[in-house]
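Chemist: Take the sequence shown: its letters are residues 1 to 427, numbered as in the working numbering.
Be careful, since some hints might not be right.
Claimed, not checked - Taking CB as the label site, the calculated pair distances span: (1) Arg120 with Arg98: 32 to 40 Å; (2) Arg144 with Glu59: 19 to 27 Å; (3) Trp138 with Glu280: 40 to 48 Å; (4) Gly377 with Pro56: 24 to 32 Å; (5) Glu280 with Lys91: 20 to 28 Å; (6) Glu349 with Asn393: 36 to 44 Å; (7) Ile398 with Arg120: 19 to 27 Å.
Worth flagging that the hints you see were computed from the coordinates, not collected in a lab.
Note that CB positions come from ideal geometry on N, CA and C, so glycine has one too.
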Amino acid sequence: MPEELKSPEEIRGFHADPLYLSALASLGTSVSARLTAAPAKGSIAVLPFLNMSGDPEQEHFTDGLTEDIITDLSNVPGFFVIARNSSFAYKGKPTDVRQIAHDLGVKYILEGSARRSDKRLRINVQLIDAADGGTHVWAERFDRDLADIFAVQDEVTRRVVGAITGKLNTSPLVVRHRPVTLEAYDLCVRARSLWWKTTEANQEAMSLLERATALDPNYAEAHWQLALVQFCAWQLWGAEQQPHRADALLSARRAVEIDPNDSSAYWVLGYILLHDKRWEEGAARLQLSIRLNPNDADAQAILSELMIMTGRKAEAIEPALMALRLNPLAPGWIYWILGIAQIANGQFETAVATLRREETTNTVSRRSLAAALALMGRLDEAKGETKLFLESNPHWRIRDWQENHPLKLQEDRDFWVEAYRLAGLPD
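Throw the hints in and build the complete structure from the sequences for me.
Modeler: Next up, the structure:
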């Protein structure tokens with residue numbers, strides 16, 4: 001776990017975000033003191049930049065710019081950075097930075113706008129100390145060649161860190177492998193976050209990323225995103241295991257080879273290795289990912305799944321809650337993992353509340369929800385969820401799950417098989 005998270009006694013006046021605490025309260029979940037405070041000095045949320053181009057097609061580009069600044073700040077030691085999903089929940093809504101900072105439990109808000117033309121990029125950005133009544137700490141305008149976009153991202157990151165810490169750092173804070181073509185970058189940006197939504201979205205992402213890697217074979221993010229999409233095609237969305245499973249491992253290894261500093265590449269590789277039952281190798285990659293970037297909510301959620309897979313279920317809930325602290329308006333898949341961790345620990349009623357949240361309804365999490373209901377003895381409800389799950393996953397069978405799911409301990413496999421059978425899932 002990241003050492004930068006301090007206890008409430010070490011923090012003066014800034015506590016965990018209300019959104020996080022209210023979500024946990026609705027689940028009947030309590031958390032340790034270390035997850036109820038954020039570091040006052042370097043806690044920040046980056047709001048989605050406004051697209052000033054007058055062209056809706058540039059929305060993806062502007063969003064990608066924001067996401068990359070979030071990633072760069074997340075890699076700064078000592079900073080606490082709210083994840084993209086939660087920051088983007090405020091897109092297109094009236095902006096009250098003090099209220100947003102209060103809800104997300106951060107001291108600073110970074111906001112801005114971008115205008116992209118054929119050859120120029122104009123960015124306006126401002127840093128606000130929302131905990132100090134909305135004081136403007138720093139603002140600047142950048143007018144550069146479009147080809148300089150990644151240099152501008154680095155400069156924005158340095159200036160934000162300098163304004164917060166009082167120390168101007170003239171060298172790059174994060175060494176990241178950048179794409180060589182903007183076309184590949186645009187394709188990759190469009191593919192972000194599509195993998196977990198629907199079968200069709202996953203297929204769209206695969207097409208975009210295959211084009212991106214063809215345009216730029218040394219683009220690390222395109223490769224690890226493609227790995228995740230290839231993996232989820234068979235794991236979540238019913239595609240044939242091969243060649244997707246083997247292709248996913250090759251793509252993930254290629255991403256790590258290209259950019260050894262990309263924390264996301266390591267958690268994706270670790271996740272795929274875990275599902276290949278290479279538990280120790282997968283765990284090592286995942287732990288490296290978190291050491292590189294303890295602010296990565298996705299990696300924290302996958303750490304929870306690692307604990308479940310390897311029989312350390314009592315340790316599985318806290319990293320899932322840490323993921324929600326970093327991403328209090330999290331996507332549904334993080335709630336899937338939290339719900340599974342709760343079921344593994346016998347917290348069936350809490351798991352039902354988690355898996356019935358709006359974020360995760362109508363997804364493959366219905367299978368876990370059915371299991372939780374069945375273990376509570378609510379068999380009619382369980383079989384109703386099973387029926388809905390099988391409508392979208394008609395070929396799912398317990399025997400296939402047993403063969404492919406990487407639970408390390410036989411007693412854990414037996415637990416889930418019994419739960420699925422109670423819920424009426426087919427053998």
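Chemist: Indicate, hint by hint, whether the structure satisfies it.
Modeler: How the hints compare with the structure:
Between Arg120 and Arg98 the Cβ separation comes to about 33 Å, which falls inside the hinted range of 32 to 40 Å. Taken as a hint, the range 19 to 27 Å holds for the pair Arg144 and Glu59, whose Cβ atoms sit roughly 20 Å apart. Taken as a hint, the range 40 to 48 Å holds for the pair Trp138 and Glu280, whose Cβ atoms sit roughly 45 Å apart. At roughly 51 Å, the beta carbons of Gly377 and Pro56 sit outside the given window of 24 to 32 Å.
Hint check: Glu280 to Lys91, Cβ distance near 41 Å, so the stated range 20 to 28 Å is violated. Range check, Glu349 to Asn393: about 25 Å between beta-carbon atoms, so the 36 to 44 Å window is missed. For Ile398 paired with Arg120, a C-beta distance near 58 Å fails the hint of 19 to 27 Å.
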